[in-house]
Structures are given as C-alpha cells and as structure tokens.
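Q: The listed protein sequences derive, respectively, from chains A and B.
Counting in the working numbering, the first sequence runs from 83 upward without gaps.
Counting in the working numbering, the second sequence runs from 11 upward without gaps.
If you are wondering where the hints come from, they were derived from the structure by calculation, not from laboratory data.
Bear in mind that the values here come from a model prediction, so they are computed numbers and not experimental data.
Hints are not guaranteed to be accurate.
Computed spacing ranges between beta-carbons, pair by pair [said to hold, decoys possible]:
1. A:ASN172 - B:THR72: 57 to 67 angstroms
2. B:GLY92 - A:PRO111: 44 to 54 angstroms
3. A:ARG199 - B:LYS133: 48 to 58 angstroms
4. B:GLU118 - A:GLY341: 55 to 65 angstroms
5. A:LYS235 - B:ALA159: 31 to 41 angstroms
Beta carbons: idealized from backbone N, C-alpha and C, even for Gly.
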Amino acid sequence: MHRPASATVDWKALREDFPILRERVHGRPLIYFDNAATTQKPRPMLEILRQYYEHTNANVHRGLHELSSRATEAYERARQRVADYLGAANAEEIVFTRGTTESINLVAQAWGGKFVRADDVILLTEMEHHSNLVPWQLLAERIGARLRFVPVKDDGTLELERLPALLTPEVKLFGFTHVSNSLGTINPVRELCEKAHAVGALTLVDGAQSAGHMPVDMQELGCDFYAFSGHKMCAPTGIGALYAHAEVLDSIPPWHGGGEMIVSVMLEKSAFKKPPHRFEAGTPKIAGAIGLAAAIDYLENIGRAAIFEHDAELTSYAVERMRELPGMRLFGPRGERGAIVGFVMNAAHPHDLTTFADQQGVALRGGHHCNQPLMRRFGVPGTTRASFYFYNTKEEIDRMIDILGDAVRFFS
Amino acid sequence: MNVELEELYQEVILDHSRRPRNFGELPNATVVVHGDNPACGDEIHLAVRFGDDGSLDDIKFTGHGCAISQASASMMTMKLKGKSRDETMSILRTFHDLVTGDDDMPPEARKLGDLQLMEGVRKFPQRVKCAMLPWRAVEQALQQTSGEATISTEVEDQVM
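All chains, full assembly: derive it from the sequences and hints.
A: What follows is the structure, given as structure tokens:
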C-alpha cells in the first residue's frame, strides 16, 4: 500500500523549531501565511549561523590563516551542498548571489549582453514576477531585442497551444517561473525546456517558489539556468544562487568586477577566474551561504516530497474551505498547485482584508505581488494571498476562514 | 475584532466606502487629475470645476480603491465643495496632520467635521497613502488650475 511520505513526519513537532511561531501579533497568536514572500527560520539553521560567527568567521579564498581556511572550506562545502540539492553535475555550476532577482539579472546582463542581438526574441510568460520581467526589459531596451509573452488562461495555466507560434528560431531564451507566486500554478518545466531546446533557445527557470517546496532536479528539469532565493526556504535573506549548465556558464563573460573574481590584475587589464568564482566579485555573503546549506540540511531531513505532499493537502483544504465563503473569487488552477492561494472577495478590497486579518494575528499579503501585468490580465488591481509552508496547520486555516467570514459581515 | 480596527473602520467611514458621495463624472470640469497608488493598484480620477473667484464650485471623483481611499475621497469632496483655494489648502494641511501626526489631535481638526473620524489611520502607517491619495489629487488640481494631470503616490524616476 502506498504510504505518503508526509505521514511519517511529526509536523506539529517541527513547529517547535520556529520560535517566531509563538509570537503574538496585536495580542493574538501569530498565524503566518506569507510564506511566498519569505519563510520563517528554524533554530538549527540559526544555531549554525551563530557557530559560524563564533568559531569560523573570516574572509574567504585569500587569508593564509587558519580561520580563513575554515571559512573557505565551509563556504565551498555550502556550494557543494546546493549543487547536490539541485542535482547539478558539480559545484562549479552554482554561483552564489543575493537571490533570485540578482541571479536573473546576472543572466540578462552578462549572458544576454553577449549573446542577444537586435531583433532577437526573449520569450517570457504573462505570469512572471517583476524580477523575471524587468531585467529582460532593460536588456531589450539596450540591445534592441524583442520580448514575447506566453498568455495565461482563465484557469491560471499557460496557454501552451500558443507555444508553436511563439517559440520560433529567433527566440534566444525562454524564461518562465516554475511555480507562480500569485496563482500557485506549477508549470511543466521539462516539457517547456524540451520545446525551447528544439528551436535552439536556452531556458531560465525562476525557482523562487519551488526550490524549498518540492523535489527539484536539474537533470530531470533539463533547464540551462535555475534561479532561487534562500530566504524563501528557511535560509537567511540576502543569499541565493544561480544554477547554470557548465557549458553555458563557461561562455559567459564577467558581470560585476572586483576582488575574488580575478586571477591577476594589471592597471589596464585583468585576467578572470573560471566560473563560478568569475561571477562572485567582492567578499561574498559567506555566513548566508553556510546558512543556506544548513537550511537545505534541515529541509532534506524532513524530505522535500513530504513537504510537497503536506503543503498540497493544506492548500486543497484551504481552497475547499474558502469556497464556502460568499463572494469569493479564487485564482489559480483547480488541480495540482503550489501552496499559494490568491483571492478577492466582493465584500472588501485586498488591502482592507489584509489589514483586517493582520489585526487578528493573521499575516496575509494584499496587493499585486510584483505581478502587475498578471493582475491586469485578470482585471483586478490586486489580490489577497495566503501562502503556506510545512509548519502551518489546518487549525490555522480554520481560524483564517473564521476571520474572512467576519470580514464579510464587517465590510458589507 | 480589536479597538484599532473599530477606530480605523468606523461606521461612517464604511458607509462612505460602500456608497461614496460625489462619485461620478463632472461635465465642464476645469481640471481632471488622475491619481494612482501603484503599490496597490488604486486609482482616483478627480474632477474639479473652479468658479471665477477660484473657489471649488464642484468636485467629483471616479475610480476604485480600498475602503480608506474611497471614504477619504467621498468625505473630502463633501467637505471641499464651495470652499476657496485658501480654505482648501488649510483643510488639506489639517487633514494631513490628522492622519500622519503623533501628537494629540490638533485643535483646528475640529473644523474637519466627519473627516476627523479618519484619525484611526495614524495607527496604520501603511495605509496613510490610501487616505492621502485623493488629497494629493486635489493639491495637484489647485496647482494645475486647468487641463489634465497625473499624480502618483510613488515618485517615478525618468532616467532611461
């Protein structure tokens, strides 16, 4: 008999690892449903950060002293940990960045600056976060390249029927999100990558909402670039990574210049390191990388498949209960989806709902979620969004439903 | 429900947000100001007809937004209709102090009438922009004196 992976995990006990979940907000117990914006941090990760600063802290790659060796070793071990976690071929395919946004900017500016020419096409989708739109707009403006977009259907999935017309040989790169941060839609990454490769385009996957939520394997997905943020998966803010296929990464010229990324520097000219260090100018976020590796250990210990099952069950429970509420419009696909539910209610504007819920301890997000074009596509100025993680519970969802019910009575 | 919520969303405010007054087009408007709050997608289109002496003979608005911005616009238009430019500026400043200040309510706030009820916004710094959007529009209308203008709660940098 199939026993779901999530059945073996004591989810309630995991909450104890997150001291912030005992916080009170406006006099009420915190219910944190803004996990798509950032997740909370577990004690084991925080403990490793503290240990690093108390026993290891030094700059990397250039000190000849003991602490510098320890810090360098821990930093490079963290890179290996990320590589293993993503199923990269080796650690050299992992560039540490500040997060998804910086990763995408690196690709748009350094790769795009070299390989994209006037009239070339970058194909994106209507559901992209601003971080996977604006860097490409800047590139297109600079180079004279064109942008195209795969439309989104009413059910929140991509209009894949349009792909043959959009994915033509002028397309140099197809960039799309793995999981939509507003709709929860999970895109068929492998299929999209295969289709893009068939016309000679590279692929970039925005993994901000997938890296900490489901098993993700680069060999299986088959993408050329995968960008993600640590802070959305239990790691500190300010650290993330870009995975790039070794062959592709080797072909990209330096982006930011400075220390750490050079072999030798003369006054007029310099020689640069090989990837990934070529792309890590200046002192990197060493503690952040080590914290990211610790977060990965923590998540792997639970199991990503288990986390996905747990969150999927929570999400379908939330969707089912939200349908009970009057004047409720839910966004996103009906079937399998990420742990994200966007909604609007006739009774109140998203900002009023969010303020109302916040005052009772429930952290939701109201607004456009850095998805202004997608909001326009659905004809709403914004939505309210509840997004879940493995430490959330059905009881918390019940509480949210009660509060949304109160909001209907209060505002209408 | 807590006290802050009840103070923010007083019954009068909710009533204005549900049934905004002076909502609609204004034929023969002297100035139309389009205001938007890109952070939340709220929009107001404020139309003012100035009299020969520069007073606000008529004022109406359309658009969409949260309860706070809608109520603020509705109550504002009621308050400002027929007021002179100087009176309008004075009310605008008083209202701004009301929703942003840390001090006790200024004595001149009494002349705001029902608008005083928006004092609850003080405790919600993220919502001040919602309350101020229609007022920013009217401020622009006074400067503009004729034609159309666009304002935003976020300042756009034009370097490109």
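Q: A separate judgement is required for each hint: does it hold in the structure or not?
A: Outcome of the hint check:
{"no.": "1", "hint": "A:ASN172 - B:THR72: 57 to 67 angstroms", "verdict": "holds (59 angstroms)"}
{"no.": "2", "hint": "B:GLY92 - A:PRO111: 44 to 54 angstroms", "verdict": "holds (50 angstroms)"}
{"no.": "3", "hint": "A:ARG199 - B:LYS133: 48 to 58 angstroms", "verdict": "holds (55 angstroms)"}
{"no.": "4", "hint": "B:GLU118 - A:GLY341: 55 to 65 angstroms", "verdict": "holds (59 angstroms)"}
{"no.": "5", "hint": "A:LYS235 - B:ALA159: 31 to 41 angstroms", "verdict": "holds (38 angstroms)"}
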